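Visitor: In case you want the letters, here they are:
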Amino acid sequence: MTILILAEHDGQQLSAAVQQAVTAALFWNAPIHVLVAGNGVEHIAKQAALLAGVEKVIHANAAHLAHPLAEDLAKLILTISAEYQAILAAHSSFSRNVLPRVAALLDVAMISDVLEITAENTYVRSIYAGNILTTVQSTDTIQVLTIHSSNFVAAGFGDSAEIVHIETPAAFGKSRWLSEVLSQSDRPALSSAKVVISGGRSLGSAEKFEQVLSPLATKLGAALGATRAAVDAGFAPNDIQVGQTGIVVAPELYIAVGVSGAVQHTYGMKDSRIVVAINQDPDAPIFQVADYGLVADLFIAIPALTAAIQ
Amino acid sequence: MKILVAVKRVVDYNIKVRIKADGSDVDIAGVKMGINPFDENAIEEALRLKEKGNASEVVVVSIGSAANQDVLRHTLAMGADRAILLETDVNVQPLGVAKLLKAMIEREQTKLIMLGKQAIDDDAGQAGQMLAALLDYPQGTFASTVQIEGDEIVVTREVDGGTETLALTLPAIITADLRLNEPRFVKLPNLMMARKKPIETINASEFGIDLKPRLNLLKVSEPPARKAGIKVGSVEELINKLRAHEGIQL
Ligand SMILES: Cc1cc2nc3c(=O)[nH]c(=O)nc-3n(C[C@H](O)[C@H](O)[C@H](O)COP(=O)(O)OP(=O)(O)OC[C@H]3O[C@@H](n4cnc5c(N)ncnc54)[C@H](O)[C@@H]3O)c2cc1C
Ligand SMILES: Nc1ncnc2c1ncn2[C@@H]1O[C@H](COP(=O)(O)O)[C@@H](O)[C@H]1O
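Protein chains in written order, with the numbering used here: chain A, 1 to 310; chain B, 1 to 250.
Keep in mind the hints are simulated off the structure, nothing from the lab.
Check before you lean on any hint, since a few could be wrong.
As the list claims (entries may be wrong) - Label-pair distances were calculated between CB atoms; the ranges are: (1) A:G234 x B:E246: 33 to 43 angstroms; (2) A:A63 x B:K196: 54 to 64 angstroms; (3) B:E57 x A:H43: 42 to 52 angstroms; (4) B:S65 x A:T118: 24 to 34 angstroms; (5) A:F157 x B:D27: 38 to 48 angstroms.
Please read all numbers here as calculations on a predicted model, not as lab measurements.
Using N, Cα and C, we set each Cβ at its ideal position, and we do this for glycine too.
Kindly produce the complete structure, drawing on both the sequences and the hints.
Guide: Structural data, given as structure tokens:
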């Protein structure tokens with residue numbers, strides 16, 4: 001049997017998380033195929049073909065895949081699924097949308113956000129916002145799963161694999177893509193940044209969020225993150241929310257600024273190598289997961305920190 | 001137009017869940033329970049659509065034991081018209097939930113179905129998409145705004161990197177993100193009134209759907225905790241520690 005990876009891309013580039021998915025797929029010791037679906041994405045299929053460990057890239061090209069909808073991708077995957085023992089992707093908003101639909105069409109369970117694969121059908125994943133780990137064994141013949149990217153090393157690139165083209169079924173037709181608003185930022189991507197600085201509700205306004213945290217982020221080449229409270233208050237855009245319902249990050253250095261440290265937040269950052277917390281409340285729970293804690297008013301400490309580094 | 005909302009009863013999000021001594025499962029005996037937060041957003045949005053004149057009736061369904069009556073009462077107190085309990089002692093997994101909800105939708109003939117984007121106990125985030133697949137309906141997951149426009153629902157979704165807007169032909173499935181709305185507070189008199197409203201109870205086995213878990217739970221454990229580190233006294237000390245002990249270039 002063979003393993004299928006659903007590749008995510010933005011029309012320009014293959015998502016870096018596909019590299020981690022390849023490493024996860026190696027577990028089965030079976031040939032690995034990567035599905036690249038889109039409109040005019042031949043160059044992305046070629047990128048995927050260079051991934052070390054990939055035997056074949058399956059390329060589906062159709063006008064209606066320009067902004068791929070879950071409904072259309074699920075239909076497409078179903079046309080080739082019979083060949084596969086496992087279908088997987090990184091646990092991103094893209095695959096969380098598509099793969100449960102695929103699993104239901106195949107009448108199999110799905111295993112979300114897998115931390116570790118321990119046997120061909122056995123997985124460790126977390127529940128209760130990362131508070132508990134469970135080991136589950138699937139009884140289905142096809143395994144459909146998403147993986148927790150930061151737990152898998154990225155596969156490298158090597159010789160080019162074969163690229164095959166497949167027919168795309170007719171469009172689903174009952175959903176239409178209208179528009180998207182993607183955040184523009186000169187900063188590194190949050191999910192892969194080496195340094196992340198996250199701000200909480202205590203920043204007080206969108207202006208102060210920017211004024212206080214931006215100069216430090218620029219100096220450290222850091223990405224900005226935020227708590228849900230900061231996002232809900234309109235201080236930061238939704239796509240930089242770190243946590244159970246946002247993005248999971250695992251940078252070298254995570255600096256939590258005026259963040260209380262609710263479990264829903266720490267779920268998204270507890271795998272960081274070094275955690276620094278700056279909070280004026282000495283009993284804030286964030287200090288329990290921080291390597292270095294500074295009890296201070298952030299409006300004094302952050303400018304001081306910014307000034308003190310090169 | 002009728003709206004059906006699926007709500008799950010889960011451990012309150014403020015509670016730190018423990019595991020049983022033998023590591024066989026989580027120990028939630030006697031723990032505070034409540035409505036899954038995302039499901040509260042789903043019901044709130046359904047009520048707002050009704051208040052705007054987009055819907056005629058809001059029907060709430062929950063799958064689980066008789067104890068689920070408390071979350072159903074909560075939704076009735078919020079303003080839902082009817083509540084249905086699909087009673088079972090099985091811990092129904094997302095695929096089974098989707099199959100039961102499909103049966104309910106066929107019975108109730110609803111055009112819009114709203115779920116939460118994920119249950120905060122299993123953190124699966126699957127039931128809505130699975131239900132859409134089984135019904136061959138369009139899906140609008142992780143919704144942060146919805147609007148009915150003729151025979152379509154226009155939904156803005158929270159995705160990695162920003163937002164995306166889709167138009168779905170009804171009937172459709174929506175899963176709610178937290179930013180869809182701010183759920184209303186339930187006033188005490190409404191809660192008292194909701195006590196008198198009937199809850200229809202159906203034995204889930206009546207549908208003849210196989211609810212057996214597809215994923216067997218082998219064990220649960222606590223993740224390795226991050227150790228609390230040290231407190232530093234000043235910005236200078238922080239920088240020195242990071243440079244000297246962690247090899248971080250600042
Ligand atoms: C279902 C669900 C999902 C959730 N998902 C997420 C998620 O993905 N991500 C997430 O972040 N949250 C999430 N939350 C919310 C989470 O529970 C917390 O409410 C949130 O993380 C708190 O944000 P905060 O730390 O900014 O705010 P608060 O909890 O209000 O904390 C503010 C902190 O700032 C400190 N402070 C105030 N002023 C200063 C100052 N001048 N200098 C220094 N420190 C100061 C205070 O001491 C306090 O510790 C979720 C909640 C639910 C119910
Ligand atoms: N037992 C249940 N009863 C009713 N609705 C449920 C149940 N389990 C899940 N759901 C719905 O499906 C959504 C997603 O759940 P999950 O796929 O388990 O994360 C929840 O937010 C609920 O709206």
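Visitor: None of the hints should be skipped; say for each whether it holds.
Guide: So, going through the hints one by one against the coordinates:
1. A:G234 x B:E246: 33 to 43 angstroms: 34 angstroms, holds
2. A:A63 x B:K196: 54 to 64 angstroms: 56 angstroms, holds
3. B:E57 x A:H43: 42 to 52 angstroms: 51 angstroms, holds
4. B:S65 x A:T118: 24 to 34 angstroms: 31 angstroms, holds
5. A:F157 x B:D27: 38 to 48 angstroms: Between A:F157 and B:D27, where Cβ atoms are some 47 angstroms apart, the hint holds.
Checked against the numbered hints given earlier, the structure satisfies every one of them.
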